[in-house]
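Please assemble the complex out of the two chains, which come individually in their own frames, going by the hints.
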Amino acid sequence: MGAESFGFGTAPMIAMGCKYLRICHLNTCAMGVATQNNVLRMNHFIGKVEMVMNYFKFVAEETREWMASLGVSKLEDLIGRTDLLEILEGKTSRQSQLDFSPLLKTIDDSSKPKFCIEPKNAPFDKGETAEQMVADILPAIENKSGGTFTYEVKNTDRSIGARLSGEIALRHGNLGMSDTPVTVKMKGSAGQSLGVWNAGGLHLELEGDANDYVGKGMAGGRIAINPACGTTFKSNETTIMGNTCLYGATGGTLFAAGLAGERLGVRNSGAYAVVEGVGDHGCEYMTGGVITVLGQTGLNFGAGMTGGFAYVLDQDNQFVDCYNHELIDINRINSEKMEAHRHYLKGKIEEFVQATGSEWGQYILDNFADMSGKFWLVKPKAASIDSLLDILSNEAA
Amino acid sequence: MGNIDQFLKVDRKDPNKKESGERIKEYKEIYEIFDQSRTTEQADRCLDCGNPYCEWKCPVHNYIPHWLRLAREGKIIEAAELSHRTNSLPEICGRVCPQDRLCEGACTLKSDFGAVTIGSVERYITDTAFEQGWKPDLSAVKATGKKVAVIGAGPAGLACADVLVRNGVKPIVYDKHPEIGGLLMFGIPEFKLEKGVVTKRRQVFEEMGVEFVLNTSVGTDIDLQELLDQHDAVFMGMGTYNSMTAGIPGEDLDGVHVALDFLISNVKNCYDYETDFISMEGKNVVVLGGGDTAMDCTRTSIRQKAGQVFCAYRRDEANMPGSKKEVQNAKEEGVQFLWNRQPVEIVGENGKVTGIKLITTQLGEPDERGRSRPEPIEGSEEIVPADAVLIAFGFRPSPAKWFNDFDIALDERGRVIAPAEQEFTYQTNNPKIFAGGDMVRGSDLVVTAIAEGRQAAAGILDYLDV
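Here the protein sequences come in this chain order: A and B.
Here our numbering is used: the first residue of the first sequence is 886, the next is one more, and so on.
Here our numbering is used: the first residue of the second sequence is 3, the next is one more, and so on.
Please note that a few of the clues may not be correct.
Stated by the list, open to error - These stretches of chain B come out as covered by chain A in the derived footprint (C-beta under 8 Å, 3 or more residues):
#1 5 to 11
#2 42 to 56
#3 105 to 115
#4 418 to 427
Just so you know, the hints here were simulated from the structure itself, not pulled from any lab data.
In this text, a Cβ means the ideal position worked out from N, Cα and C, and glycines have one as well.
Excised from the complex, chain B in its bound form (with noise of 0.2 Å):
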């Protein structure tokens, strides 16, 4: 039994966190990981409530009061067997989720008394649970015999791959990339996520049945008919990888880059994969948009040994998309913030950018979401000087030409039509064909793909009729 006042006596404490000076020297993960007791200490601070606030707001309804309480007991294995219930990435989505929106942000003690740490306690369950050699038992696993090909495999490709096995069906999955994770292994980088985590569940993927098909792209070196002539149904978790551009006079000078080739290209040199890989050393970086990719450009940056790194945003900074973690984060690094302001346009000289222009804004009446409308102030201009320019305004669809080939159904804004409430959920226009994650939302939360990839398998299995 724990104490049941415990969050009267003792306060919320975050993981310990590398000094800035330390850490911009590396591609490693900032924050310490708890230890038994701390574990202990802040998992008891849960009130149990009936009614788990936590659990409802996260996506995929993780059982958190219950395996917070086991992780206060010392029982890890109980704890990472019910955190797997519900999840399939759970030391991912401790490390990468924005706990302060979802679970921690609906934790009942937040207003008054600061959080319980939920993402900590789980990042540490799942963790811990590998450190003492567990893994999922699939012993009581039926083979069905029936074979399901998952193209990505990212978060959504994973989480349907996970489900799938567990439930006999075999999953054969496709990525284009040479390593699984998609962008949890190239797009995030490794301060948040250090891509030990990302193989150690290849590898425990792998002992599970799931088959992996690497550095193979469907619809150029397999087509996608192979894949239904040979599987029982196709999942697609392909993400969106469309960069959303400024729309300003410059983009295609030299020293312009969108945010996603940035990132990727770093992961890739970090890892000796072949890349053009893009480096910011010894330049004056500035950084467009106020969300979290922002944030990884910025950072990511600041660690390649970049002169000055701006972060330019047309709102102010209560009005940031972004985690305000990542920000303050940023800022400790030494990245300087350039508030209301407005790219105008990419300055450069010769082809290669020497500057950007920006404008001063200030916040007008909120727009049709409820957020201040940023209005420039005329006259306002100013040129940064820049040696390059980082675009992180977002991700729009990516549909591949041959959707319109097997009847795969797109929406206006190019997602893919996959309803979650229908016979079989997350199935496509084609009954063969299912898919989930960014590709059918539209660019969103690991979580929110882990759980749409899960539904989707649940869709697929009662399709199957397994």
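Isolated chain A, as found in the complex (with noise of 0.2 Å):
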């Protein structure tokens, strides 16, 4: 009656097999459209990419013969055409008493335009601070010659990163430039997803707080966060970013000496994360990537998580209270068989130690022998623990 763009979710899926069941968060997609489980996605997806085109084809071609019988050619000139509307009967007499005419009127008005034709809604972030350092550092992105850049960040800058990472994905690909880094050392607070589709070769070393959304989409790089210099509280107490960081994460590395909010690593895929502690929710619904948690956890963590794994640290225990049983079992580190991941772990934090300089994470390492018998490993119940084992020398490799 108005709408002048719209879009398509579920009818392509169900195009090519998904029945609408609603279990996706479950892990037991019976059409193995929203699976993790190989049994699934192996033998019972029947989906072609033919049948999404036939979909579409069918949409436009349908959308052709009805605009064709309305002796209408362009699609724009539909948006408000209410009296093209016929209203029903009804089938009740109270369906017919229903009065349309408010909701269909049409305004005759030649002079304001039937449809929107803004351009789009100026955001009050004028990007200026980004839009400096892609002036500053773009020849270092040309030349893939590296080099090191300072700034002051607000919490009104908000994706900062981006459009750096937009400039070296547009010259190098994602992960092209990982070799001759460019990294940008920042203080400050920052805003809105800090390093948001961060690509390889994009280092971010920010020195005080970052709101919600750090690392999100983030495909390569490496951020690494650490309270302001002179501050008295201890780190690991202290909250140093927000929530839903590392969403849908992809790859790269996020190293935070502080607390991170609720739903750290929510579908992450691939990246690799250490902070001192999260909210609930950590690492919800999680299909691959590493997150190494060096202190309490909220609730529900590991909620929907099919795959990748995580190292908590559970000082007094009560992980066991707070993790998602559903599909995550967890698994002590401290047996010989575990050496590997003992080993594995360490190195982590020794790199967190390094970029961030994190007392806690220091103290850790000089009592790894006692404190590595309190950490939990967290996987999949699917997952066995070789199999991780294969993704840690895929790494080394």
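Structure, rendered in structure tokens:
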């Protein structure tokens, strides 16, 4: 009646086999669409690209047929044409009393547009800091020469790093500049989405703190955050970044010397992170990557987690009540056969301490023989410990 | 919490079936009832789809995933309560519904994993709840003082009465038969539905406050006008009783019967009701037709110790309209099938059947409903010797003579016009009279009759403003 844009979500998915069961969060999709279960994916998924192509072909064809029968040649000419609608009589006497006229009223004023002609809503944040960064750093990207640059940031500077990642990806691909990284050192409080879609070859180092969505959709590179110089609080008791960090990340590394908010690593499929604590719903729906938590987690850790794994430091034995038991299990790493895991974990913490200077991380390293007994390895029930080691060795290679 | 991947680990298992050699010796149900551990195991296979296709497909829209979960958890009373929220006769539907065409046919798991055994669990829930002493709790129902006459104690009438009594309206159910149930009691053979199930249900309904007036035929024993005068509304659920015939010579011969007469006389004979018993003992029987009623006839004949029992059907096995499961059961019990045979003439001597002339057919172009048309092959006639021929070609509406006197309008096929989509659902042309089930939609399933009886009751409640 007035819609001027539309989206397709479920319908094309149904065209390729989805039965709209609404159990996508359980990993048991019997059609093999929304699951990490290999049996279901290999043996029960019937989808083909052509099915989706056919669906859109038919949608377009039927749309054309309808438009032709209405004598309309352009889709835009249909917007707001409520005069083309016919009102059904209704099945009951009450339905037939419904008055649709206010809903279907058209305003006959040809001086006013029938649909939105404003190009877009201008955001409050003009992105000036981000543009300054591009101006300063672009030559280093173009020449693939790397380098270190320093800035102050405020919490109104949103999506810092994204412009640079875009320029990198445009020229060298997502990971093409990993060998000659640009390091951006920042001080202050970063606005939302620091390091969003971060490309390989961009290292962000922030002294201060960050808002929500750090490393959202991150593909590569590294983000390191440590408390501002001169702070007196303990980093492992203080929040350093907001909610939903690493949402949908596919690669890269995030080190944060402090606590992360809720939903750290939600839908993460390949990023590595070390933090000193997380809020509720950590690693939710995670399908890949490794999250190391050097302290407490909130409730519902690992809900819907079907891939990747995590290490959690559980000093006061509370983690068993915090994690979601549906799809994951927890294992100690202090036995002989878990040597590889201890080794891997220690290496990650060393990297983390080097990047952030975390005192808490250093304390753990100094007492690693004792502390390693208090870590849990958290993994999907369906994954064997051996398969996790494969991931580790692949990464080493 | 159940096992969310149970469907990957455990296959569908139907209830155990008695050996055919044993079951043809008795008029008893052939499937064993699940126990709690089998119920838990099988119910746990349900994916609990957010969009439960089983529930949509079910004519009464049972809350299937929900009561599967309750059954799995052993919460049988809660499951029975929930099951009765949408269905008036769940233990009967669990036994006689063609689940493979309804809920289980729509089950997401059907195509790749085997559907959940919904029917068997449904039956288990109510049977077990009754065993545990459960009965519907009507203590919170406030009587409205209104009364409704229900004509016909079949599935439609019983379902209507069930909804009415739960809403404080007194139903008085009239039926011409000596027991409630209609075809549930007298039509469906005991190897599919034991009659104790129906009489148990009668006891439950009577305790709920439903009154039954049996052996009473409306129009003969009592006039409809009397019912209209004494009640606030009338519901008719009288079924379809006109048997379709073959339209071939010899149908009037001694030894030719329509399916329903045969089936009814058998149940009545078993329960010592007065009847002209039709026995197939020692006879060679040919049953014409390929639906579930035809299977009922063949298998009843086997149990009556008939000689040879044939079933002749004019299309092939794949195109039979009845349940595959029933055809399989009939084969196991010794029924012989003559596929692609169309009856031409029933032959006889001295007024008695001696055989049936069949012509072989081949399947041709699809008809308007998409099924292949059987075309006779010239010169392929054969005579199959028979002492009895049973015609199971389905049923046509059987409108009563008095419908006209009360402005009850019929459509061109003789069905009562009582649309669902109107202000008072299933109201007939006479505002005080409602109708549902086979007499409105033409002969159909037990569960569709239940669905219509319930919806008609909702229409009556609206009409009575309660």
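ask   = Quick check: the stretch 105 to 115 of chain B, covered by chain A? Criterion 3+ residues, Cβ under 8 Å.
value = holds (count 4)
ask   = Are 3 or more residues of the stretch 418 to 427 of chain B near chain A, judged by a Cβ distance of less than 8 Å?
value = It holds, with 3 qualifying residues against the three required.
ask   = Within the stretch 5 to 11 of chain B, is the number of residues with a Cβ closer than 8 Å to a Cβ of chain A three or more?
value = Holds: 4 residues of the stretch 5 to 11 of chain B have a Cβ under 8 Å from chain A.
query = Do at least three Cβ atoms from the stretch 42 to 56 of chain B come closer than 8 Å to Cβ atoms of chain A?
reply = holds (count 6)
Hint check: no violations occur; every hint is consistent with the structure.
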